[in-house]
Amino acid sequence: MKNPFKLYPIRTVFFFAVVSLIVLLLTLFVLVSYKVSVAEMQKNTSFYQQNLLGKINEQISMQKQSVEQVTIAMSRNEDLQDYLQSENDPYESLRAISEINTSFFNTMFSIPIIDTVDVYVEDPPVRYQEGPIRYFPFDHYESIEWMQPLKNADSAWLEQHVISSPQGDISVVSFARKVYKRNGTAAGIIVVNTKTDRFLRLMDGEVDSRHRLLVDAKHNIITYNGSGDALASLKVFDQLSEEDKINTNVNGSARQDETLVVWSKLVNSEWILIEVTPWEDIISGSVKLAQLLLLISGITIVVTVFLTYYLSRQFTRPIEDLLRSMNDFSLNEHEPKLPAGYRNEFGALFRGYFNLNTRIKGLYTNLEEEYQEKKKAELAALQANINPHFLYNTLDQLNWMAIEEGQEKISRVLELMGRMFRIGLSKGETFITLKEELTHLESYLQIQQIRLEGGLHYQIFIPEKYVHYYIPKLTLQPFIENAVIHGFRGQEKAVIAIKIHDAGNSLCIVIQDNGIGFSKETAVEKRTADGGYGIKNVEDRLLAYFGSSSSITIDSKPGAGTTVFIKIPKKSRK
Amino acid sequence: MYKKWLTVLLSALMVFVLSACSAQQAQNQEEEDTGADGGKVNLRMVWWGSQERHDATLKVLDLYKEKNPNVTFETEFSGWEGYWDKLATQSAAQNAPDIIQMDAQYLQEYATRNQLADLSEGISIEDMDETLADSGKVNDKLYAVPLGNNAFGLVYNKAAFEKLGVAAPEAGWTWDDMFALARDVQPKLEDGKYAIRDFTYDPGVYEMYQLSKGKGHLTTEDGEFNIDKETWKEWISTFEQLRNEGVASPAEMTVAEVEYDPKGDLLLTDAVLIKQSFAAQFPSYDSVKPGAYGLVKAPGDVEAGGYLKPSMFWSVSESSKQKEEAKKFIDFFINDPEAAEILGVSRGLPVSNQILDSMSEGFTDSDKAQLELVNKTAEDAQPFNGGPQGWGDFQNNAYRQVGEQLMFGVIEPDQAFEELKSQYEEIKGR
Chain H
1 MKNPFKLYPI RTVFFFAVVS LIVLLLTLFV LVSYKVSVAE MQKNTSFYQQ
51 NLLGKINEQI SMQKQSVEQV TIAMSRNEDL QDYLQSENDP YESLRAISEI
101 NTSFFNTMFS IPIIDTVDVY VEDPPVRYQE GPIRYFPFDH YESIEWMQPL
151 KNADSAWLEQ HVISSPQGDI SVVSFARKVY KRNGTAAGII VVNTKTDRFL
201 RLMDGEVDSR HRLLVDAKHN IITYNGSGDA LASLKVFDQL SEEDKINTNV
251 NGSARQDETL VVWSKLVNSE WILIEVTPWE DIISGSVKLA QLLLLISGIT
301 IVVTVFLTYY LSRQFTRPIE DLLRSMNDFS LNEHEPKLPA GYRNEFGALF
351 RGYFNLNTRI KGLYTNLEEE YQEKKKAELA ALQANINPHF LYNTLDQLNW
401 MAIEEGQEKI SRVLELMGRM FRIGLSKGET FITLKEELTH LESYLQIQQI
451 RLEGGLHYQI FIPEKYVHYY IPKLTLQPFI ENAVIHGFRG QEKAVIAIKI
501 HDAGNSLCIV IQDNGIGFSK ETAVEKRTAD GGYGIKNVED RLLAYFGSSS
551 SITIDSKPGA GTTVFIKIPK KSRK
Chain C
1 MYKKWLTVLL SALMVFVLSA CSAQQAQNQE EEDTGADGGK VNLRMVWWGS
51 QERHDATLKV LDLYKEKNPN VTFETEFSGW EGYWDKLATQ SAAQNAPDII
101 QMDAQYLQEY ATRNQLADLS EGISIEDMDE TLADSGKVND KLYAVPLGNN
151 AFGLVYNKAA FEKLGVAAPE AGWTWDDMFA LARDVQPKLE DGKYAIRDFT
201 YDPGVYEMYQ LSKGKGHLTT EDGEFNIDKE TWKEWISTFE QLRNEGVASP
251 AEMTVAEVEY DPKGDLLLTD AVLIKQSFAA QFPSYDSVKP GAYGLVKAPG
301 DVEAGGYLKP SMFWSVSESS KQKEEAKKFI DFFINDPEAA EILGVSRGLP
351 VSNQILDSMS EGFTDSDKAQ LELVNKTAED AQPFNGGPQG WGDFQNNAYR
401 QVGEQLMFGV IEPDQAFEEL KSQYEEIKGR
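Protein chains in written order, with full-length UniProt numbering: chain H, 1 to 574; chain C, 1 to 430.
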């Protein structure tokens, strides 16, 4: 995959990078907060619920025990025993019942949890079907549904059921105990009814009424409060205990089926108090927290989007400005339009670009000037090409005139001059072969021989292998001319020798004469006077073409002739 | 520019930090917000009575709760049976309800044992008859607020009398008239039905008999035993004869009665035609079979037998922690016109004269019968004597037991009288 930092605009990359980073961080933050808080909530909830349930269960257990103990006392009541024992006449029965009532009243009213007492005896008194103590026929109990646990037990807690009372129908939880005659047969039952409200009030605790469930050792529901479905909750608890995940003999908690089940079992009580909390309730705080965080995150993201958009604009605008400026670049405009006030890297960039621009414009101007010069030179060269042809043609005509006049010398001179012109023009070329240069030199020397009538001799010692090297046009001629014009005064026999040395990469051309020579002082005077121009010209040209790899050395003493050494790099092409 | 954006960034950061903090705080707050009650008042309240009274009272409680949303009630209401046993145990355990329905025969006992709060302040009794208001005072302190005017009389099955073509009893009759009427009617009744309920073990009815004979109340003002032996033996033997003649209800039937219970009350089950009743209890009968029963003034002899008494009282337990709220409720109960309208005469004729006047127009026949009994009794009423400390216990237990023994014939009247006397001394000495 291609690097997006190279592929997409900086602004887009910057914007999406920052925004996605923030979104990622926030999401992580919200998720972690949620997870941690759910875990904490579960821990706290089960801890506090266990504590609370333990306390409540202790209270319930105390109530339970007090009820159980009371029934023992009641079942051993002497009056009740007497009543069961004997066939009484009506008055004695009435008295016995009255005594039983008085004694039961004293007991039951001293324990607030007891609502009413039902006594099942054979031959119950007619009157007492209402009131705090009620009497029912003993054999009826077998047909009462909620009395069934008593069939095979001496005593049992009976599950929540409804009895009628002056307050209307009320729900009670009862403890029943069989009463045995002295001969050991069961002849009665004492049922102590406790208002379910009493247990529920205990189960509600002090804070609020949660969904709590009181079950006996066999997991039969004794009573429950809260709005939840008691059977469903019991099922959850049963599942837990069946799967052997939990030990129901001690306090504990577990999560099951989207609920948190916490229970309390006391050592001295068979009852288990269970609290079932829907999982939504546990996490509702966390959900709220997460929602709040999400809301804040949302706001933050919106702010971040705007902020990042603004920032990315701020960062990339100078670059865009620079780009636009580059695209709009024009030589005619004096200064590129760039934002001012940047003192940082952007400022440096702008200044750099500005400087670059200035230099480019300078170069442009130079180039233009050079171009103009070149044009002029080309024109001049063209013009120069035309003039020599006239001269050449004129010379040719002059030669013919001299031949017709019989002037052989003049004709010869004109012929040599023509040759010199031709080489001098060389079709405008700057470099010519050494051979051509030598031809030009010889032509000149022959003209001088003719003029001097045998007083001038010259020798050229240049092997054939060097003549194909190129040298700047008319490099040697000025020195020969100097020698001829200034070197020979009064000599009967003037000699000029031209030699060549191979100096590796360079050619060393030596021009030697036997003329009068000169001292350095005179050389300086002469140059300023007249003949210096030609040599200076050669020096300049050589410097221009070859630089320091070329040199001109003049060795001369008055009366001992002059030797000129010209060093030129070998050049086998034009 | 820089500063501005820095501020924005910082505040965004702050929002994060704060949100985390506030979540923590919310949690803490939740843990703290559990203690305060916010002025919630829960009043425990007990009374005895019949279904009709229960219903009316509960309605008044609803009305009060509506007007005082911070108040809730925890009510225990029952019949007369076991009421005083329970209250005695609760009082002994300092666990008595805040508001207690009190009866005259127990007032002395509870007040002198310091189990009732002084109600002299905080409840308006200006509209009440002074004598009535005084009936709730013990040693000049108001311990019980009377709830109604009451008179003891007899209730009879008016419809049955009409059907049998026998003239119904009228005010001004004598005890002999009553016995004669019973004997007249009995032959016309089916088997298992009786003209009159046996009053052998009802001290209240006997008290009227003794009063009409000019022998005074059953106790003296000083709290001395004042049952006149001769008069009492006369009374006992009369009923023994009536039982033997099959005119008065037999012992087994009498002791099995559950008063005011449609299935247990001898009058309501048509087992007897005449029995005793307070004016204030009349609605308990009339509500079961409207118009079937009549109230008649207690028979007289040389003097009138009847007397006016406060029907019942509201008292506040001394152990109550909410006495002011309890008083506020009682004040509402006796003085509020709306409450009075709901209550009607379920606790006797309203004690506030103003309310009684405003209500009289809308009185039903049942209400009018009550009013009439009170008015008729008032003409020549005997003074009221609530009885000394322990009197309630004596009436409900000792007298009753002795009465039962007499009815079942296991004791001779002379012996029974001695038993009563010694029982009284014993109870009084407690």
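Don't take every hint at face value.
[Stated by the list, open to error] Dumping the calculated DSS-like pairs for lysine-lysine here, alpha-carbon to alpha-carbon at most 25 Å:
hint, chain 1, residue 1, chain 2, residue 2
1, H, 493, H, 473
2, C, 421, C, 215
3, C, 59, C, 327
4, H, 195, C, 428
5, H, 195, C, 40
6, C, 59, C, 158
7, C, 163, C, 188
8, C, 65, H, 195
9, C, 428, C, 137
10, H, 195, C, 215
11, C, 289, C, 368
12, H, 493, H, 536
[Said to hold, decoys possible] Going by beta-carbon spacing under 8 Å, a handful of chain C positions derived as facing chain H:
hint, residue
13, 70
14, 78
15, 79
16, 261
[What the hints assert, rightly or not] From the derived model, a few chain C residues whose C-beta atoms are all more than 12 Å from chain H:
hint, residue
17, 51
18, 213
19, 230
20, 252
Everything labelled a hint here was simulated from the structure, so no lab data went into it. Cβ atoms here follow ideal geometry from the backbone N, Cα and C, with glycine treated the same way.
Structure-based check of all given hints:
1. The suggested pairing of residue 493(H) with residue 473(H) is violated, with an alpha-carbon distance near 29 Å, which exceeds 25 Å.
2. Of the supplied pair hints, the one linking residue 421(C) and residue 215(C) holds, its CA atoms being roughly 16 Å apart against a limit of 25 Å.
3. At roughly 19 Å between alpha-carbon atoms, residue 59(C) and residue 327(C) fall within 25 Å of each other, so this suggested pair holds.
4. For the given pair, residue 195(H) sits about 37 Å from residue 428(C) by alpha-carbon distance, which is inconsistent with the 25 Å threshold.
5. Taking the CA atoms of residue 195(H) and residue 40(C), the gap is about 23 Å. The hint holds against a cut of 25 Å.
6. Proposed proximity of residue 59(C) and residue 158(C) is contradicted: the alpha carbons are some 30 Å apart, above 25 Å.
7. For a cut-off of 25 Å, the pair hint linking residue 163(C) to residue 188(C) stands: about 11 Å separates their Cα positions.
8. Of the supplied pair hints, the one linking residue 65(C) and residue 195(H) holds, its CA atoms being roughly 24 Å apart against a limit of 25 Å.
9. At most 25 Å may separate the alpha-carbon atoms for a hinted pair to count; residue 428(C) and residue 137(C) meet this at roughly 20 Å.
10. With a C-alpha separation of about 49 Å, the suggested pair residue 195(H) and residue 215(C) falls outside the 25 Å cut-off, and the hint is violated.
11. For a cut-off of 25 Å, the pair hint linking residue 289(C) to residue 368(C) stands: about 16 Å separates their Cα positions.
12. This hinted pair does not check out: residue 493(H) and residue 536(H) have alpha carbons roughly 29 Å apart, beyond 25 Å.
13. With a least beta-carbon distance of about 18 Å to chain H, the hint placing residue 70(C) at the interface is violated under the 8 Å criterion.
14. The restraint placing residue 78(C) at the interface with chain H holds, with a minimum CB-CB distance near 5 Å, inside the 8 Å limit.
15. Because the smallest distance between the Cβ of residue 79(C) and any Cβ of chain H comes to about 6 Å, under 8 Å, the interface hint for this residue holds.
16. For residue 261(C), the suggested interface contact is upheld, since its CB lies about 6 Å from the closest CB of chain H, less than 8 Å.
17. Here residue 51(C) does not stay apart from chain H, with its beta-carbon only about 8 Å from theirs, under the 12 Å limit.
18. For residue 213(C), the shortest C-beta to C-beta distance to chain H comes to about 29 Å, beyond the 12 Å cut-off, and the non-interface label holds.
19. Against the 12 Å criterion, residue 230(C) stays outside the reach of chain H, whose nearest CB is about 26 Å from its own CB.
20. Residue 252(C), annotated as away from the interface, has a beta carbon of chain H within 12 Å; the closest lies near 5 Å.
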